[in-house]
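Residue numbers (the working numbering), protein chains in the order written: chain A, 1 to 262; chain B, 1001 to 1262; chain C, 2001 to 2273; chain D, 3001 to 3273; chain E, 4001 to 4339.
Hints are supplied without guarantee of correctness; some may be wrong.
Here are the simulated distance ranges between beta carbons [stated by the list, open to error]:
1. C:T2067 - E:D4082: 28 to 38 Å
2. C:V2258 - D:Q3168: 27 to 37 Å
3. B:Q1181 - D:V3262: 48 to 58 Å
4. C:T2073 - E:S4195: 36 to 46 Å
5. D:Q3168 - A:F12: 28 to 38 Å
6. D:K3265 - A:V219: 49 to 59 Å
7. A:D227 - B:R1246: 38 to 48 Å
8. C:T2073 - D:K3265: 31 to 41 Å
9. A:N31 - D:I3031: 30 to 40 Å
10. E:W4055 - C:L2096: 48 to 58 Å
11. E:N4153 - D:T3024: 31 to 41 Å
The set of hints was computed from the structure by calculation and includes no laboratory data. These numbers were taken from a predicted model, which means no experiment stands behind them. Using N, Cα and C, we set each Cβ at its ideal position, and we do this for glycine too.
This is what each chain is made of:
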Amino acid sequence: MTLIIENLVKKFPKEDTELTAIENFNLVVKNEEFVCILGPSGCGKTTILRIIAGLEQKTSGSIRLDEREITGPGQDRGMVFQEFALFPWRTVQKNVEFGLEIKKVPSEERKRIANEFITLVGLKGFENSYPYQLSGGMKQRVGIARALANDPEVLLMDEPFGALDAQTRNLMQKELLRIRQQTKKTIVFITHSVDEACFLADRVVVMTARPGAVKEIFVIDAPQPRDRASIEFANLRKRILAELEREVIAGPSSPSNSPEKA
Amino acid sequence: MTLIIENLVKKFPKEDTELTAIENFNLVVKNEEFVCILGPSGCGKTTILRIIAGLEQKTSGSIRLDEREITGPGQDRGMVFQEFALFPWRTVQKNVEFGLEIKKVPSEERKRIANEFITLVGLKGFENSYPYQLSGGMKQRVGIARALANDPEVLLMDEPFGALDAQTRNLMQKELLRIRQQTKKTIVFITHSVDEACFLADRVVVMTARPGAVKEIFVIDAPQPRDRASIEFANLRKRILAELEREVIAGPSSPSNSPEKA
Amino acid sequence: MKDNPLRIFGLFNRERFLANMNQTIFGIAAIVTFIAAWWGFSIYLNLAYVPSPDRVVWAFFTSFEKTEISLGTNMWGNILASLQRFGIGFVFALALALPVGLIMGFIKTADSFFKPLVELFRPIPPVAWVPIFLLIFGIFWGPVMVIFLGVFFPLLSNVIFGVKSVDQPLIDAARTMGANRITLFKKVIFPYTIPFIMTGITIGLGIGWMCIVAAEMIGAVGGGVGFYIFYSESIGRYEFMYAGMAVIAILGIGTVGVSHYVENKLNRRMGVK
Amino acid sequence: MKDNPLRIFGLFNRERFLANMNQTIFGIAAIVTFIAAWWGFSIYLNLAYVPSPDRVVWAFFTSFEKTEISLGTNMWGNILASLQRFGIGFVFALALALPVGLIMGFIKTADSFFKPLVELFRPIPPVAWVPIFLLIFGIFWGPVMVIFLGVFFPLLSNVIFGVKSVDQPLIDAARTMGANRITLFKKVIFPYTIPFIMTGITIGLGIGWMCIVAAEMIGAVGGGVGFYIFYSESIGRYEFMYAGMAVIAILGIGTVGVSHYVENKLNRRMGVK
Amino acid sequence: MQPAASTNKKIIYWTQIAPVQQKAALLAGTVDGAVGWEPYCSDALNDGTGSVVVWSDQVWPEHPCCVIAVRYSDAFPNNPADNQLVARVVKANMVATNWIVQTINAGSGTNYTSLIQMGAQFSGIQASVVQSALGHIEYSNQLTPAVKAAFANFTGMFADLGQISNLAGYPNTTAFANAITNTSYLAMAPDIQPSATILGSVHLGYLNGDLHQFARVVAMNTSLWGGKTLFQDYGVNVTSPAPYANGGAVMDGFAAGSIDMGYLGCPPAILKRINANIQIQIVSLVNSEGSAIIGKTPINSLSQLEGKIVATPGPASIQHLLLLYYCNLNGYQLKLKGT
Ligand SMILES: Nc1ncnc2c1ncn2[C@@H]1O[C@H](COP(=O)(O)OP(=O)(O)OP(=O)(O)O)[C@@H](O)[C@H]1O
Ligand SMILES: Nc1ncnc2c1ncn2[C@@H]1O[C@H](COP(=O)(O)OP(=O)(O)OP(=O)(O)O)[C@@H](O)[C@H]1O
Ligand SMILES: [Mg+2]
Ligand SMILES: [Mg+2]
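In isolation and in its complexed conformation, chain A is listed as follows (with noise of 0.2 Å):
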């Protein structure tokens, strides 16, 4: 499915004035294609995100998928939340059936698909633990295998390997590129890791401070799977921290945008 993105704008209010978070964010996501978002921290990546799922209502600009304009959540679109969003009263095991439920998958096939994708992400023995028993990071791998589950064909990912440690991390990483492969999956994936970006994506889009917009596309066309230790792979490290720390440096504009309060 192809995403295109056009001039979105998104404004909260904030106290007496609003907040613009996202402004004249432009940006073309290709069928299959695999997109990582980079930006600094407040700079409304979870925002633009929420609006591809349609969790969230843009101020105005167009946001579409294959040509129908978005108005609201749809199971072609999973999302993993940066925030985990766990249903507390269930299982490891029935919070990745959730989805299984909902699309009326029988009882056994359901199960199996949960035990394939609960042992992907390592949490093989805690099917029946309640996400209160859980670490931060094992929570995590289950909104994980919980969108994997549902096998969206968009996949919308809010830092989801945010909570884990490196090497986890790195299982994850082939894994999600494994899976990719064979579901031709599109996915956009928020990360603050320039490392991971490089390693997984097609392109990397680079967003400016508050109000967010598209400063900047990285093309990677290396083929997978890539090695870290290559040089291209370590210029395009360098090239994209530039990028990110010149953001950071030149630091958000005032948080309220109201003429009187700036």
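Since the structure of chain A is provided, determine the placement of chains B, C, D and E with the ligands on it from the hints.
Quick look at chains B, C, D and E with the ligands alone, frame taken from chain A:
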């Protein structure tokens, strides 16, 4: 202050049996030392930090601060939480002032200190925002400012920079080192970033997978500020990564360690 | 799941055990103090309306054994009368408040329509309806209707409150997995609302018992435990009045106990801790 | 803070405005339908106890204007009587339930001691005390005591529940910043508990009005709006009875309104959204 | 009857307390005076708790008090069989009344002893109190022109008080009083004989502990009438719900269809017949007189009650009307305590 942990064990109830999260953990953190803890997701890092903070009761073993057994929390140990734990009814400013209010610091002084640390974490302009109005990384930074403003002798930090972009993270790392330099704090710091550990720590502790214990300790005597591009740095990173990799691949022992369930 | 004998030892916690002991001792001390104080007062004051505890206990058992000639029944008969009205009124309230509350919480339009009506009637204390309901619906259905109102409104408010307070991130997550309004409702909102419903039921039970006592006292027809209390007081047999109050308290505790039992069952089925 | 004129335009949301319009229209439709149905029924049934809306409105105003000779007072007098008892009973309940609840929620030992006593008395519906309280405490303080009980227990439960449901991570955070039990209490538990207290007060207000109506009907001593309702029914002037019920409803809405106002003020001072 | 001028500052307060509890209230000091029905007046008087201010017959000689009313609807009693049942209840009441009057006149004997005992049990009051109470109640059944005139007079007072605003379509109080009294059953009574078979059943309401309605208690006592109730003796099975708290509730019982006939005071019958349009007729008198205003000893006059509180059974009762009337007569204003 010197922290001595001996034969620490922590068990949690799990379904009909119990889960050993920590087993025979031994560590001495010297006065003014900066120790980083690394380990696979779910290995018990948060649990150890909570026991040091006095928020969780150990199952057995001994944990002492300057020869006094730790029995509960105290102002001498400050903590930055993995899941932020901001007071939702307080603004950013009021959250940061919390500890100072408790210490009965006069209002003017309180404001000055709070503003200093809010600026330090890059949240100027958001003093009057409530937590729900912040992005993930912004919340995390409020948590850091809150702990620092309180100026504890021992600083316990649980993945404090996990939700930050690389640049902000770098800035924060440098600020932390500067503060440590000035205030001679003892710091226990949990991270998933080997790079971060190598950049910050006097010693890096690598933990085993569940049940968590100390696997290996790396002493880093390179002087601050360290050069990430240096060969020593790269070598150290590689060694630690290799150590971690082995642990993750070995994987945790069965989550339930009751003999009947094994 | 096989039980693990180690667990009993592993989890046995000496401090917790002692703490529990302490609590029990304090609790018993409180009750003993209370009874002693009561007994002392009853002897010291020597007033008919402060009977000693043993008189009340005696009256309690007597009220069950002996038929009260001027009422033509004993306590069992009165309990039956109250319980019948209570049960019917309660079940009707439950049967109406649950669907209406869930729908009002979930569908904006329904809320806009029903809310003004609810807000019109809710502020009228159910007890205020007693006289007119006795007239319109008679001595059986009158109190039933009062209980219905007494249970209906707090339950409705709680259900609506529950539906509206579902964590937004959970709704978001379910929607991205393709939940439509119906499944959202079945799999997220309803499980989330159960504790609120149960709170509403507990409050409703309390108010329901109050309503029936009031209705039976105000109407003072058709028997019931409330009537028994009123009657015993009016002829100055205060120990029987206190016995009647104890019976009402026990009935109240019983119904709340049943509701907690159901709550636990439901929670277990829903997998909520 | 200066007001920002842009904000008014920036936040003006056509869809939200239309949605609100829709809601208002539905609400008005509901009320109109109700009044029309009532009017129709009253004409169709032609029963004394289903007076038409205009009769009730007329009775409402008449009850304020005209002194009822056989009572020696008008509605104002009855409102005064009810409001006095209500106010005193409510304030006493508040003054006792707040500290006791906070302490019981916070100090294990206090909880162990008081809980059995609370659990002994709570299941007795406050209304069941009406006859004996009237005898012991008289026609003024009797109803006051009933209201006291009616407000005290739900408020107490809510306060305890609030204290116990404070988010553990927030307590943890405060403790690591050196909060001792007192500051923990002042800066975390109390602010967290405010919404629970307010819920308890709202429930307590509802129960309090129910108690006073019941007490005034059962005892029917010393006037009050509950008495007025009962009296009007007993001589068959139903339109005045409904007027009395409307008055009670308005008093109820008024007190809840005051409590919401206080809640908002408090929340603003505490910085809770 | 007009309210005293508002310049009149002489106020007596009232509060509503059921007669059964009035003595306790006097003792507790909650009130300083009370107006109630027998035997509760005598109960307070006999042990010196209270002193008489005035007996009701001193204010309104021979005033009617309780009556038997019957509910009129499309269903009952609209045929000869139902009319028979009503007449037979009236007859049984009449027989019981006569028995009471004779027994009281005899003043002793087994019948007298059991009468006193019945009264004591029914009202929960000592036998000696019942004995003196019976001396203040006039038991009679006939709806004489004087009784009807008294009904008309009461109706007029209610109109003056503003408690009623119309006369149910009748041109004046006399016409109304005539319309709600139906003497035909009393007229049928002399010819009615006991019946060997049960002809039907009647739901009959009555008030809690009111010795005015003693005839019903006597009629229901099976030991006096050869193992059945007097009503059964006359072919009627009588069933009753629990006793009603006041006459207004009995009228509600009629409206709700819970009872077919009932014992109640005439004021609530008049008030609710007009205001609530509850279709009843008064078919028999039950008693006259038998109420009193009393003060807490040593209070024994209205002037001593000035500024004090008097307990009444409630503003719809004849006792309340008595107090109101007597206060007005003596230039006092009655005001609800606490307002
Ligand atoms: N309250 C609890 N009840 C039961 N089990 C728990 C509880 N808290 C933690 N655990 C278990 O203890 C183990 C260690 O958890 P902990 O949170 O310390 O891990 P961690 O090292 O911080 O992991 P991460 O890097 O993912 O945050 C996990 O297996 C977890 O399931
Ligand atoms: N509900 C809200 N109300 C008001 N402001 C909001 C809200 N949600 C987000 N914002 C603001 O919008 C801006 C962008 O937030 P967003 O969460 O999209 O950032 P982000 O790029 O995801 O940051 P991070 O990397 O820290 O998660 C922030 O300044 C934040 O304060
Ligand atoms: Mg984000
Ligand atoms: Mg952790």
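Handout entry: Hints the structure fails to honour
Key = 4, 7, 8, 9 and 11
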